[in-house]
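Trainee: So the chains spell out like this:
Protein chains: 2
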Amino acid sequence: MPSFPKQLSIIPVPGIPEIKPGDDLVRILAAAAGEAGISIEEGDIVVFAQKIVSKAEGRIVDLNEVEPSPFAESVARTLGKDPRLVEVIFSETTKVIRMDQRKPDKGRLIVETRGGIISANAGVDASNVSGGDRVTLLPLDSDESARKLAEDIKRAFGVDAAVIITDTVGRPWRDGLVDIAIGCHGMKAMRDLRGGLDAKGMPLIATVMADADELASAAGLVMEKASSAPVVIIRGYEYEKGGTGAREIIRDPEEDLFR
Amino acid sequence: MPSFPKQLSIIPVPGIPEIKPGDDLVRILAAAAGEAGISIEEGDIVVFAQKIVSKAEGRIVDLNEVEPSPFAESVARTLGKDPRLVEVIFSETTKVIRMDQRKPDKGRLIVETRGGIISANAGVDASNVSGGDRVTLLPLDSDESARKLAEDIKRAFGVDAAVIITDTVGRPWRDGLVDIAIGCHGMKAMRDLRGGLDAKGMPLIATVMADADELASAAGLVMEKASSAPVVIIRGYEYEKGGTGAREIIRDPEEDLFR
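Those protein sequences? They're chains A and B, same order as listed.
First residue of the first sequence: 1, per the working numbering; consecutive thereafter.
First residue of the second sequence: 1, per the working numbering; consecutive thereafter.
Put simply, identical chains are the same to the list, so a pair is met inside one copy or across any two.
Below 20 Å or equal to it, Euclidean Cα-Cα: the simulated SDA-like pairs (lysine to any residue) are:
| hint | residue 1 | residue 2 |
| --- | --- | --- |
| 1 | LYS188 | ASP175 |
| 2 | LYS106 | VAL169 |
| 3 | LYS6 | GLY236 |
| 4 | LYS103 | GLU254 |
| 5 | LYS81 | GLY132 |
| 6 | LYS20 | GLY132 |
| 7 | LYS148 | ASP160 |
| 8 | LYS95 | LEU257 |
| 9 | LYS103 | ASP256 |
| 10 | LYS106 | PHE258 |
| 11 | LYS106 | ASN121 |
| 12 | LYS188 | GLU42 |
Worth flagging that the hints you see were computed from the coordinates, not collected in a lab.
Please put together the full structure from these sequences, using the hints given.
Mentor: As C-alpha cells, this is what we get:
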C-alpha cells in the first residue's frame, strides 16, 4: 500500500509581466519568483497558462491580416461570428465535432485541433491579448513546449521539475470551464492504479487517473484569469517521472463514444 | 482588479477508518483530524469522497438481494456485466446516454442519474466496499448531504466551512478519470468572471469557472483511491458564500450538444 499522501502547496507566482513574442519565459519566471522569494525545488511541478506560452512563441494572429474564405464567411454568418476569426479557427482545425447555430448571435463551434484537443473555437482566444484585433492560437506542439520549458528550468534553477501547460475549456454535460493539461513533460500524465488494491484489499479496476488534468485544475484555482498569475508552482505531489506527454490523455477516437 | 490570489494548501486527513452505515462522519473527522494535529478553520473547504458519504448514509446494496428484471438480464448479456449490477444501475438511471457493446466483455453504460450526474454505471461502485457482493450508490441528494455535513462541522468546530462531495468520473474525449463535485454547500459552485476585465483591461467574455469541480480535482490529487484519504481540507481559497449547490454546474439539457 502506498504511503499516505503529503500535503500539497499550490503557489501562484506574482509579478509576471505581459509576455511578448520571443520572451524567455523561464528567465522572466526566475526574476519574478526571486523577487517574491519563491524558489523552484526538485520535484516541483511548474504550471504555465497556455496564453503566455503561445505569446512567447509568437502564436498570435492579427485579424486585420486575415482574408476569410467564402466558406468561413458563410459559417461566420450562420454562427454570428467574425469571419476572420472563423478563418483562423478553421486553420487550426482537423475536424468539426459540433456546430450549434440555434442562437443567431451565439453560435458555437466545437472542433478538434491538430494536437487532438477538442474545444470551442480551437483554443483561438481574444482575451488578454493587447492590441485591438489580435488573437492567440494554441502552441504548435504543447508537449514539446513543455519539454523546452523543463529544460530551461533545469538550466536556470538546477533542478528537475515537471512542467504542465494548461488551457481553460468547456465540457459536455457540465457548465463552467475547467483547466486541463494540453502539454506535459517530466512526469507521467496518467496514473495507472490498476492491479493495485484499495484500502480494504479489494482490487482496483479501471482506475487510471488523469493526473495532469487534475494538476491543471488545481493550478487553475489560483491562475485567476483576471489577475495575472499565469505561472503556478505545485509542491508536494509525488509523481512518476517519464511518460509521453499530455497527448497520452487524448482518447483514441475509436474508443470515444462522443465524437 | 481582484487582489493577487493566495497560496492554497491541500491537506489530506490521515486516520479515517472504514465507514459504516449510520456513522457520524464529522465526529470521525474531528477525531482523526485532532489525532493528526489538523484543525478546521473558518473559510476552509472540506472535501469528502462520495464513497464515505454513501456508506454513512447506508446507500449500499447487496447484489445477492437483487432480482434482475428480464430487461436487465438482456442488457447485462449484451454488455458482459453482472445482471444484478445492471438492475441496480437502472434503478438509479433516468436516461441512458450511451451504451457501447462493441467489446463483448467490456461493455459500457453511460447514464444520467436522478441527480443529473452523467457517468458510467450511474456511479454504482464495487471498489472499497467490504463484503463480497456489495456496491455503493451515489447519495440521494448530494447537495443536501453537503449541507448537513457543513452544519455538523459548524457544530463540532465552531467555524463556517464550505463542503464539497466528490465523485471520480470519466469524460468524453479524454482518457483517465477526474474528480468532480456532485455536492456542494456554503460556497458558489461556479465563479462568474463575466463583466470583469482581464489583466490588460479587456473585458472577460464567457468566463464562468466551474470552481467546485476544480476544487474537487485538487482534492482528488491527494485522495489516493488506494490509501484511505477520503477527507481533504483545502485552505486559502477565497470563495463566495451562498450558491445553490453543485446542481448548478449541471448543464441545461437544452444547451447541451452531447446528450
